[in-house]
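J.: Dock chain R against chain V, hints included.
Going down the list, the sequences are from chains V and R. Here the first sequence is numbered in the working numbering, starting from 4 and rising by one per residue. Here the second sequence is numbered in the working numbering, starting from 4 and rising by one per residue.
Everything labelled a hint here was simulated from the structure, so no lab data went into it. A hint or two may mislead.
Claimed, not checked - With a Cα cut of at most 27 Å, we get these calculated BS3-like pairs of lysine-lysine:
(1) K16/V <-> K86/V
(2) K76/R <-> K30/V
(3) K47/R <-> K76/V
(4) K201/R <-> K268/R
(5) K76/V <-> K268/R
(6) K139/R <-> K30/V
(7) K163/R <-> K166/V
(8) K11/R <-> K30/V
(9) K30/R <-> K141/V
(10) K166/R <-> K205/V
(11) K86/R <-> K265/R
(12) K139/V <-> K30/R
(13) K201/V <-> K166/R
(14) K181/R <-> K163/V
(15) K141/R <-> K181/V
(16) K205/V <-> K163/R
Please read all numbers here as calculations on a predicted model, not as lab measurements.
There are 2 protein chains.
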Amino acid sequence: MTREDLFKHIQLKQSFLCIGLDSDIQKIPEHLKNSQDPVFEFNKQIIDQTHDLAIAVKPNTAFYEANGVSGWKSLERTARYIKTNYPDIFLIADAKRGDIGNTSAMYARTFYETMDFDAVTLAPYMGQDTVLSFLKYKDRWSVVLALTSNESAQDFQYIKEDKTGEMLFEKVLKLSQKWGTTDQLMYVVGATKSESLKAVRKLVPDHFLLVPGIGAQGGSLKDVAQHGMNDHCGLLVNSSRGIIFASSGNDFALVAREEAMKVQKEMALYLRAANLIY
Amino acid sequence: MTREDLFKHIQLKQSFLCIGLDSDIQKIPEHLKNSQDPVFEFNKQIIDQTHDLAIAVKPNTAFYEANGVSGWKSLERTARYIKTNYPDIFLIADAKRGDIGNTSAMYARTFYETMDFDAVTLAPYMGQDTVLSFLKYKDRWSVVLALTSNESAQDFQYIKEDKTGEMLFEKVLKLSQKWGTTDQLMYVVGATKSESLKAVRKLVPDHFLLVPGIGAQGGSLKDVAQHGMNDHCGLLVNSSRGIIFASSGNDFALVAREEAMKVQKEMALYLRAANLIY
Numbered sequence: 004m005t006r007e008d009l010f011k012h013i014q015l016k017q018s019f020l021c022i023g024l025d026s027d028i029q030k031i032p033e034h035l036k037n038s039q040d041p042v043f044e045f046n047k048q049i050i051d052q053t054h055d056l057a058i059a060v061k062p063n064t065a066f067y068e069a070n071g072v073s074g075w076k077s078l079e080r081t082a083r084y085i086k087t088n089y090p091d092i093f094l095i096a097d098a099k100r101g102d103i104g105n106t107s108a109m110y111a112r113t114f115y116e117t118m119d120f121d122a123v124t125l126a127p128y129m130g131q132d133t134v135l136s137f138l139k140y141k142d143r144w145s146v147v148l149a150l151t152s153n154e155s156a157q158d159f160q161y162i163k164e165d166k167t168g169e170m171l172f173e174k175v176l177k178l179s180q181k182w183g184t185t186d187q188l189m190y191v192v193g194a195t196k197s198e199s200l201k202a203v204r205k206l207v208p209d210h211f212l213l214v215p216g217i218g219a220q221g222g223s224l225k226d227v228a229q230h231g232m233n234d235h236c237g238l239l240v241n242s243s244r245g246i247i248f249a250s251s252g253n254d255f256a257l258v259a260r261e262e263a264m265k266v267q268k269e270m271a272l273y274l275r276a277a278n279l280i281y
Numbered sequence: 004m005t006r007e008d009l010f011k012h013i014q015l016k017q018s019f020l021c022i023g024l025d026s027d028i029q030k031i032p033e034h035l036k037n038s039q040d041p042v043f044e045f046n047k048q049i050i051d052q053t054h055d056l057a058i059a060v061k062p063n064t065a066f067y068e069a070n071g072v073s074g075w076k077s078l079e080r081t082a083r084y085i086k087t088n089y090p091d092i093f094l095i096a097d098a099k100r101g102d103i104g105n106t107s108a109m110y111a112r113t114f115y116e117t118m119d120f121d122a123v124t125l126a127p128y129m130g131q132d133t134v135l136s137f138l139k140y141k142d143r144w145s146v147v148l149a150l151t152s153n154e155s156a157q158d159f160q161y162i163k164e165d166k167t168g169e170m171l172f173e174k175v176l177k178l179s180q181k182w183g184t185t186d187q188l189m190y191v192v193g194a195t196k197s198e199s200l201k202a203v204r205k206l207v208p209d210h211f212l213l214v215p216g217i218g219a220q221g222g223s224l225k226d227v228a229q230h231g232m233n234d235h236c237g238l239l240v241n242s243s244r245g246i247i248f249a250s251s252g253n254d255f256a257l258v259a260r261e262e263a264m265k266v267q268k269e270m271a272l273y274l275r276a277a278n279l280i281y
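Here chain V stands alone, though its shape is the one from the complex (with noise of 0.2 Å):
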């Protein structure tokens, strides 16, 4: 998927949500827990519920890895039931890996071949190394850790460098851009620092952005739409905990669908703002 498919999805859905399939097996609804695979159960009905009102679907590796061999299953079968039945949606690994060459190579394959993601979350603690066995594969993308939105982000990713005066975020944001195109390559900007988007967006113009944090996070969609947006919105904005565990009960698909919508009519209100549908 290019940039443009993406921008096309987004002009037709009116639409730049991601949700988050963190679907932690102790949180999904009950009378889903005797299925025979819960998690599998639970992500197909939220995807087949809220596909039109999303861009990208974003599972986080974690969630199934913690149940182990069947969680693998899980994730396996929620990916291939994504890509055969929606095709248009953009299917993302929340798996933040970063290893050396050899091993990056592996991670790639897991994701690209093994499974049928278009895209990888990647740590860029360990350089270009990290990045670059992804960006072999054709229209995959690498979607590279910048500023998170977690409150220890400020641990390590605000440090100062003494010769340029630039962050380790806005190094990261300046060096990997040079590893790839606007085809391969997004960030990870959190929502909860919308004041950083401005200095994001100053380094990344053209990139798209995949920002968690808000709902749960407590992030502003509006503050990330005014201060992110570009001439392709340029904008993945993610949603997990908000969107699939608003209801408990057997209706959870349902009320998942009505959060996804409010959301969505929200990001329709600001992508016309920006004169970017009509």
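T.: Okay, now just chain R, sitting in the frame of chain V:
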């Protein structure tokens, strides 16, 4: 396992070797490929032949995930086999995970509960959140990336902070050691940067260091021992390909033993020179 336990095993085995199970299915001997679980069968034979020469064993999760569900089964089987048969082996998941709090807790559950690893490698880019959930488990270890052995480690790890003059990897060492004890935290420090080991030892004199990069990556064991050893040895030096893929024939496990024994004998020399064994 405590720091004292590790030291006791080091003295008994006269070794501080960690064997990296980077068990790439495409590189394991042909005659194993018809067995029910070739990767597990490979690991089992390697471990049976080397457990008395090694202090630690370190599967890198990438090589298992690349095989999907069956790979995850091989990883679980390998972990269970080691903990059941060789409880003195310190079992490290080289997973390089790192995420926000609630997600990090899922990864901790994955490696400490769903499986029975003693330790997990963690990437510090997102700060303290990455590690805290892991430290809640008693008798388990977090192995934090400080200075890695790959070339592009220099992209970010050597960034020098303006106020303090400290480099990013030094900041990681200084800050993170406040999060837990020397019985909970270790650091990854690449052998390819043996001169940097001195700087690391000043900052973390008592911690164990997990040192990759000898063998295939070109680091020198002698340099590592000279600059990195402390009064509890304080080193786990990893070798992966140099041992496990030393032969691709029917004799692979015996040849792996020979290679492991060469390393162990060299390690015994350095332990004796440092008066840690007699």
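J.: For every hint, state whether the structure bears it out.
T.: Right, here's what the structure says about each hint:
no., hint, result
1, K16/V <-> K86/V, "holds (18 Å)"
2, K76/R <-> K30/V, "holds (25 Å)"
3, K47/R <-> K76/V, "holds (24 Å)"
4, K201/R <-> K268/R, "holds (24 Å)"
5, K76/V <-> K268/R, "violated (44 Å)"
6, K139/R <-> K30/V, "holds (21 Å)"
7, K163/R <-> K166/V, "holds (8 Å)"
8, K11/R <-> K30/V, "violated (43 Å)"
9, K30/R <-> K141/V, "holds (25 Å)"
10, K166/R <-> K205/V, "holds (25 Å)"
11, K86/R <-> K265/R, "holds (25 Å)"
12, K139/V <-> K30/R, "holds (21 Å)"
13, K201/V <-> K166/R, "holds (25 Å)"
14, K181/R <-> K163/V, "holds (21 Å)"
15, K141/R <-> K181/V, "violated (43 Å)"
16, K205/V <-> K163/R, "holds (23 Å)"
This entry does not satisfy hints 5, 8, 15, going by the numbered hints stated previously.
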